[in-house]
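Chemist: Here is what each chain is made of, one letter per residue.
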Amino acid sequence: MSGAAAQVDGQQGARGHDPYALGHGHGGHGDHEATGHGEGGPASKRIITGYGFWIFLLSDIVMFSGFFAAYAVLAGETAGGPGGRELFELPRVAIETALLLLSSFTCGLGSVATERRSVFWTQIWLLITGVLGVAFLVLEVQEFAQMVAEGAGPQRSAFLSAFFALVGCHGLHVGVGILWLGTMMAQLWVKGFRADILRRLLCFNLFWHALDIIWVAVFTIVYLLGSGV
Amino acid sequence: MFGKLDWSAIPFDQPIPLIAAAAIGVILAAVLGWITVKGHWPYLWNEWITSVDHKRIGVMYVMLGVVMLLRGFSDVILMRTHQAAAIGASQGYLPPEHYNQIFSAHGTIMIFFGSMPFIIGLMNFVVPLQLGVRDVAFPTLNSVSFWLTASGALLTNVSLVIGEFARTGWLPYAPLSETNYSPGVGVDYYLWALQIAGVGTLMSGVNLVTTILKMRAPGMGYLRMPMFCWTALGSNMLIVAAFPILTATLAMLTLDRYLGFHFFTNEAGGNPMMFMNLIWAWGHPEVYILVLPAFGIFSEVFSTFSSKPLFGYRSMVLATLFIVVVSFTVWLHHFFTMGAGGDVNAFFGISTSVIAVGTGVKVFNWLFTMYGGRVRFDTPMLWALAFVLYFVVGGMTGVLLAVPPADFLLHNSMFLVAHFHNVIVGGVVFGAMAGYEYWFPKAFGFRLDEWWGKLAFWLTVVGTVVVFGAFYIVGLEGMTRRLQHIDNIAWYDWIMVALAGTLLIAGGVVAQVMQLVMSIRHRDRLRDETGDPWDGRSLEWITPSPPPVFNFPVLPDVHGEEAYWEIKRRAIEQQQLSEVPDYQPIEMPRNSPTGVITAFFCTSVGFALIWHIWWLAALGLVGAYVTFVVFAWRDEVEFEIPAEEVERVDRARRESRQVILERGAPA
Numbered sequence: 001m002s003g004a005a006a007q008v009d010g011q012q013g014a015r016g017h018d019p020y021a022l023g024h025g026h027g028g029h030g031d032h033e034a035t036g037h038g039e040g041g042p043a044s045k046r047i048i049t050g051y052g053f054w055i056f057l058l059s060d061i062v063m064f065s066g067f068f069a070a071y072a073v074l075a076g077e078t079a080g081g082p083g084g085r086e087l088f089e090l091p092r093v094a095i096e097t098a099l100l101l102l103s104s105f106t107c108g109l110g111s112v113a114t115e116r117r118s119v120f121w122t123q124i125w126l127l128i129t130g131v132l133g134v135a136f137l138v139l140e141v142q143e144f145a146q147m148v149a150e151g152a153g154p155q156r157s158a159f160l161s162a163f164f165a166l167v168g169c170h171g172l173h174v175g176v177g178i179l180w181l182g183t184m185m186a187q188l189w190v191k192g193f194r195a196d197i198l199r200r201l202l203c204f205n206l207f208w209h210a211l212d213i214i215w216v217a218v219f220t221i222v223y224l225l226g227s228g229v
Numbered sequence: 230m231f232g233k234l235d236w237s238a239i240p241f242d243q244p245i246p247l248i249a250a251a252a253i254g255v256i257l258a259a260v261l262g263w264i265t266v267k268g269h270w271p272y273l274w275n276e277w278i279t280s281v282d283h284k285r286i287g288v289m290y291v292m293l294g295v296v297m298l299l300r301g302f303s304d305v306i307l308m309r310t311h312q313a314a315a316i317g318a319s320q321g322y323l324p325p326e327h328y329n330q331i332f333s334a335h336g337t338i339m340i341f342f343g344s345m346p347f348i349i350g351l352m353n354f355v356v357p358l359q360l361g362v363r364d365v366a367f368p369t370l371n372s373v374s375f376w377l378t379a380s381g382a383l384l385t386n387v388s389l390v391i392g393e394f395a396r397t398g399w400l401p402y403a404p405l406s407e408t409n410y411s412p413g414v415g416v417d418y419y420l421w422a423l424q425i426a427g428v429g430t431l432m433s434g435v436n437l438v439t440t441i442l443k444m445r446a447p448g449m450g451y452l453r454m455p456m457f458c459w460t461a462l463g464s465n466m467l468i469v470a471a472f473p474i475l476t477a478t479l480a481m482l483t484l485d486r487y488l489g490f491h492f493f494t495n496e497a498g499g500n501p502m503m504f505m506n507l508i509w510a511w512g513h514p515e516v517y518i519l520v521l522p523a524f525g526i527f528s529e530v531f532s533t534f535s536s537k538p539l540f541g542y543r544s545m546v547l548a549t550l551f552i553v554v555v556s557f558t559v560w561l562h563h564f565f566t567m568g569a570g571g572d573v574n575a576f577f578g579i580s581t582s583v584i585a586v587g588t589g590v591k592v593f594n595w596l597f598t599m600y601g602g603r604v605r606f607d608t609p610m611l612w613a614l615a616f617v618l619y620f621v622v623g624g625m626t627g628v629l630l631a632v633p634p635a636d637f638l639l640h641n642s643m644f645l646v647a648h649f650h651n652v653i654v655g656g657v658v659f660g661a662m663a664g665y666e667y668w669f670p671k672a673f674g675f676r677l678d679e680w681w682g683k684l685a686f687w688l689t690v691v692g693t694v695v696v697f698g699a700f701y702i703v704g705l706e707g708m709t710r711r712l713q714h715i716d717n718i719a720w721y722d723w724i725m726v727a728l729a730g731t732l733l734i735a736g737g738v739v740a741q742v743m744q745l746v747m748s749i750r751h752r753d754r755l756r757d758e759t760g761d762p763w764d765g766r767s768l769e770w771i772t773p774s775p776p777p778v779f780n781f782p783v784l785p786d787v788h789g790e791e792a793y794w795e796i797k798r799r800a801i802e803q804q805q806l807s808e809v810p811d812y813q814p815i816e817m818p819r820n821s822p823t824g825v826i827t828a829f830f831c832t833s834v835g836f837a838l839i840w841h842i843w844w845l846a847a848l849g850l851v852g853a854y855v856t857f858v859v860f861a862w863r864d865e866v867e868f869e870i871p872a873e874e875v876e877r878v879d880r881a882r883r884e885s886r887q888v889i890l891e892r893g894a895p896a
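As given, the protein sequences belong to chains G and V, one line each in that order.
Every letter in the first sequence is one number past the one before it in the numbering used here, and letter 10, counting from 1, is 10.
Every letter in the second sequence is one number past the one before it in the numbering used here, and letter 439, counting from 1, is 668.
Calculated from the structure, these hints are not laboratory results.
Misleading hints may appear alongside valid ones.
As the list claims (entries may be wrong) - What the simulated footprint calls covered on chain V by chain G, stretch by stretch (three residues with Cβ under 8 Å from a Cβ of chain G suffice, anywhere in the stretch; the number is not a length):
{"id": "1", "segment": "361 to 372"}
{"id": "2", "segment": "500 to 508"}
{"id": "3", "segment": "750 to 763"}
As the list claims (entries may be wrong) - Simulated restraints, written as ranges between beta carbons of each label pair:
{"id": "4", "chain 1": "V", "residue 1": "Ala575", "chain 2": "G", "residue 2": "Asp196", "range": "48 to 56 Å"}
{"id": "5", "chain 1": "G", "residue 1": "Leu139", "chain 2": "V", "residue 2": "Gly450", "range": "50 to 58 Å"}
{"id": "6", "chain 1": "G", "residue 1": "Gly192", "chain 2": "V", "residue 2": "Trp843", "range": "37 to 45 Å"}
{"id": "7", "chain 1": "G", "residue 1": "Leu102", "chain 2": "V", "residue 2": "Ala238", "range": "46 to 54 Å"}
{"id": "8", "chain 1": "G", "residue 1": "Val138", "chain 2": "V", "residue 2": "Gly571", "range": "46 to 54 Å"}
{"id": "9", "chain 1": "V", "residue 1": "Gly450", "chain 2": "G", "residue 2": "Leu198", "range": "27 to 35 Å"}
C-beta: ideal position from N, C-alpha, C; glycine also.
Bound conformation, chain G alone (with noise of 0.2 Å):
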């Protein structure tokens, strides 16, 4: 069909019946190449799956710039309650900080050994990526708490709900994350390296270093600008 229809296209469809080809160059356009945009046909798996997980992940930081938004207008709504510069240690944000950066980076180890294929290693960025993940949850809470007791808890004002709205919307983002990050290990143990398995890493992978890069601006925005430095 499709030699015969190139034919047919090539010395009469494309100038005689191609309605809309007027003026327009379509001489550049094999039809049979993978142009890599779908012209050559569908994508593999993996593409689709990555590619929908990334669009997914620009829909997530569109959520957080929603809070990112009434964090800006409400930084200054303290209502005669502490702000940022009393409130925030920056010693403790420092070590979080580190904890996640790194986690990052053994995630990316991870990504590594499961290319070259080692189930063991694998595993083993895995777990110390988990643990990172809940050291840094650890020292969050930690903080929540003590701001908590000392009356600054997000009823105060409205700084401080959005405050704790979206640091806490982040930090509930690397909980979801290490739960399917333990149901990671957990599948790769029972399963190997499948196919599907290979792309939900890719996917967690992303994930987990989308979590950084909002942090990043959390750290930013949030703690530097907000304690004054």
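Assemble chain V onto chain G, guided by the hints.
Modeler: Frame of chain G, contents of chain V only:
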């Protein structure tokens, strides 16, 4: 044990919701009983409820949309009859707190559970067929999306009998929606129903964007996609970019209500106007999420029924993408009266007028598509023609409202109500109806009855013009929206005109239902044997009606912009079908109950959170997690359709195609 839930939640003292609920309960019980007696459960479960086939899911989306449009229309009847009976000395029959719930539920249901599922269903059904592929990018996720949307619709309707719905309007403006002023569960129903359905919509958006960008038949370049695929792409990109804002905004209001946060409160530095800004930063793109696919449907319909390629395809693509971008820069026109200042209002006034240019381009393209064509006036084309005439009026009153000084006078008036119904009914509902009439034969293998279809069309369109014509006039005369009682008897006549128009629309609804019933009854006479009942131009018409589960025996090879038209033209010229291809076995995704089970748990979580039943919420979350783990643990995710079966299906299709060859040159 049951949180805030006790017997007082059921409105035993209010006959209207009780009787309505009882009627729905009886109908539901009758349907379920009939299914059980006839033994249809295995069929329903295997072929529909657990199906991951984009066509089945699309049909279920549309069915949900249709049922919810009827539910929303019942609110219309209540509101119109009540207002007609509540002028001057008359007091009507709905108490204020009930009337407020009705107009809130009407807007919420029509947008989120009527229009959205209808439009998403059409995209689900049509887009993979037009792209020449076998399914969407993530078939099981697609099923999850649908069932989450259904879950939100269920929660909204449960509020009819258990508790109450929001009394805040379809967007729960703060601080009215805060606990101080809305202490009941109404706003909570709204929040959780929308949050659950919103997640479904977002995932559906991710799914369709990925499908359109990464899964197309060989040769289907971007500028060879049918217009509906382009507008679906635009709409779904908007879903991905806008729905997360809704999620964040509703989460903030939820935190305010449940945990005493101060995002939108009057006290402690909260900022109610931030709610308006955030909700409309989602809300205005939402308008285009709904109307862009409708524009795509009209493009397909105008081209098919004028027997011509779409005029100005490239400018249509550009106009669509223009609207996608600019739709994020107009939200403030929903509250010019906020007092943001002349410069801010001027910016948003101008951007609002500018976005109409994109739509104007499209209108002219549709008109020029008809020009010089052989126009056939089948029912889908009638809806499309009514759309152009009616939508232009709505567009122009929109540009009028975009002028801030005029808006200060017309804000919150019936004129505004007339305007947005004019564009949403004229754009989205007419578009949905055109799409329904146009693609029904593809989905079910028989056409819809033209006589009943045309009757439904005329009654609905005339009724719509009458109702909203009356609204425009009383709006200009100063009537504000959402009045439970009307003091000014000068508006009496127009309210009666609106009531008469509503009755006409009701007749249209009845005729529409009759059309379906009569078409099913006479389906043998209306059978679509060729798979190409309208002399179509895009790839969905190359498949048999209804298409086999794998859509295409071999993926079509696309040459030129109108993929199927080219193939058809060539076949007719040469008086022979293309060569018999080399059939290969096809792998298709297995069905999965993940979607429906997840939605079951999400409904439980939503209901539990509304009534503060914390143990049930925790249980539901664990259940949803376990469901996903079970899904992830599956070993067999696909099944194989043998090459012989593919060949058998395609042989039948090729035989029916012979009819088209003998029909002669394309009209």
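Chemist: Does each hint hold? Answer for all of them.
Modeler: So, going through the hints one by one against the coordinates:
Counting residues of the segment 361 to 372 of chain V whose beta carbon lies closer than 8 Å to any beta carbon of chain G gives 3, which reaches the threshold of three, so the coverage claim holds. Judged by the Cβ-Cβ criterion of 8 Å, the segment 500 to 508 of chain V is covered by chain G as claimed, because 3 of its residues qualify and three suffice. With 0 residues having a beta carbon nearer than 8 Å to a beta carbon of chain G, the segment 750 to 763 of chain V misses the requirement of three or more and the stated coverage is violated. For the hinted restraint 48 to 56 Å between Ala575 (chain V) and Asp196 (chain G), the CB-CB distance of approximately 54 Å keeps it satisfied.
Hint check: Leu139 (chain G) to Gly450 (chain V), Cβ distance near 51 Å, so the stated range 50 to 58 Å holds. The hinted range of 37 to 45 Å is satisfied by Gly192 (chain G) and Trp843 (chain V), whose Cβ atoms lie roughly 39 Å apart. The hint said 46 to 54 Å for the Cβ distance between Leu102 (chain G) and Ala238 (chain V), and at roughly 51 Å that hint holds. For the pair Val138 (chain G) and Gly571 (chain V), the beta carbons lie near 52 Å from each other, so the given range of 46 to 54 Å is met.
Under the hint 27 to 35 Å, the C-beta atoms of Gly450 (chain V) and Leu198 (chain G), about 30 Å apart, fit the expected range.
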